[in-house]
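J.: Next come the chains, spelled out residue by residue.
Protein chains: 2
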Amino acid sequence: MTISMHSASVPIFVRMLGNLGQWLDKAEAHAQARKFDPAVYLGARLAPDMLPFTNQVQIACDAAKYGVARLAGMEAPKFADEEKTLAELRERIRKTVDFIQSVPAARIDGAEDRDVVVPRRDGSMTLKGEVYLKHFALPNFFFHVTTTYALLRHWGVELGKADYLGAFGAPAR
Amino acid sequence: MTISMHSASVPIFVRMLGNLGQWLDKAEAHAQARKFDPAVYLGARLAPDMLPFTNQVQIACDAAKYGVARLAGMEAPKFADEEKTLAELRERIRKTVDFIQSVPAARIDGAEDRDVVVPRRDGSMTLKGEVYLKHFALPNFFFHVTTTYALLRHWGVELGKADYLGAFGAPAR
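Line by line, the protein sequences are chains A and W.
Residue numbering for the first sequence follows my numbering, beginning at 1 and increasing consecutively.
Residue numbering for the second sequence follows my numbering, beginning at 1 and increasing consecutively.
Certain hints may be false.
Said to hold, decoys possible - Ranges between beta-carbon positions, derived for each pair:
id, chain 1, residue 1, chain 2, residue 2, range
1, W, Pro48, A, Pro38, 34 to 42 Å
2, W, Gly160, A, Asp25, 26 to 34 Å
3, A, Pro38, W, Lys84, 39 to 47 Å
4, W, Lys78, A, Glu75, 48 to 56 Å
5, A, Lys84, W, Glu75, 51 to 59 Å
6, W, Ala105, A, Gly156, 42 to 50 Å
7, W, Arg94, A, Lys128, 46 to 54 Å
8, W, Met74, A, Gly156, 38 to 46 Å
9, W, Met74, A, Glu75, 40 to 48 Å
10, W, Arg107, A, Asp115, 40 to 48 Å
No lab work stands behind these hints: they were computed from the structure.
Remember, predicted model here, so these are calculated numbers, not experimental data.
Even glycine gets a Cβ: it sits at the ideal position worked out from N, Cα and C.
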């Protein structure tokens, strides 16, 4: 009558990162159809003091990568923040999915009661794994995924809820 | 070594809806400081064919309300989509939180293996409760919560990751 911590984390990250990759494909096709350089997306911001598109994709990936690594008590692989094209961002998504799928479920299961140390700008904080997943890792991940989507919509890429959610199609509400 | 379906759903919705309410407070204070009518937020859109601010808040509430009701196999209360002020949107958030907190945990626990019927524009689809929560209800909820946040940031309200996540403060990454 319950779900495991692996089941409550990895499949969500993997599915949404797959959806994110498809938005990049649509963004590239949109740029080609409109005859502009897809690299112009990379600096797009929703506000002057918000991080641009490239950082939103990088941090979406990192939120998933560190989320899973911290729950598993493992070191996450380091990916340099140096992507300059949509293709390189897709490669970062691919490496991220490869890593989180490589983590054995047994390393994550049981994490609900373990301490997870989360680095912060001004030090670190310790949360139980369940609190970390539900109130930090998942919200932070969805923040950057949705902000990436919002940037593409703001810049004219034709995406809809069916692209956001993936294979289910658009909900009535 | 697992978490319950109630624990994997209700606390996430309640916490994020509380955060959302605080963004509305900051938006109202921003409007007062800049001497504009806070009602101008209500029609704000990130793209011409995206739903405006008021709908984003309404649907964030409904995503939580219907998510919990469907997992519990209950009818959700109907809230008319007629809010015209930030105060009325806050009231909708309050009613939503009251409802989802009123649902007994025992009604939701065990939903992982139950069928959930999700209305769609072109009919309906049936998902297992665990799939519905992880790949539909939570992503859809975070979509509308984050889009609301993005709209307020786009319109100049001073919000940061600490406001988004709530009491933990801003993460280093």
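J.: Which hints, by number, does the structure contradict?
T.: 1, 7, 10
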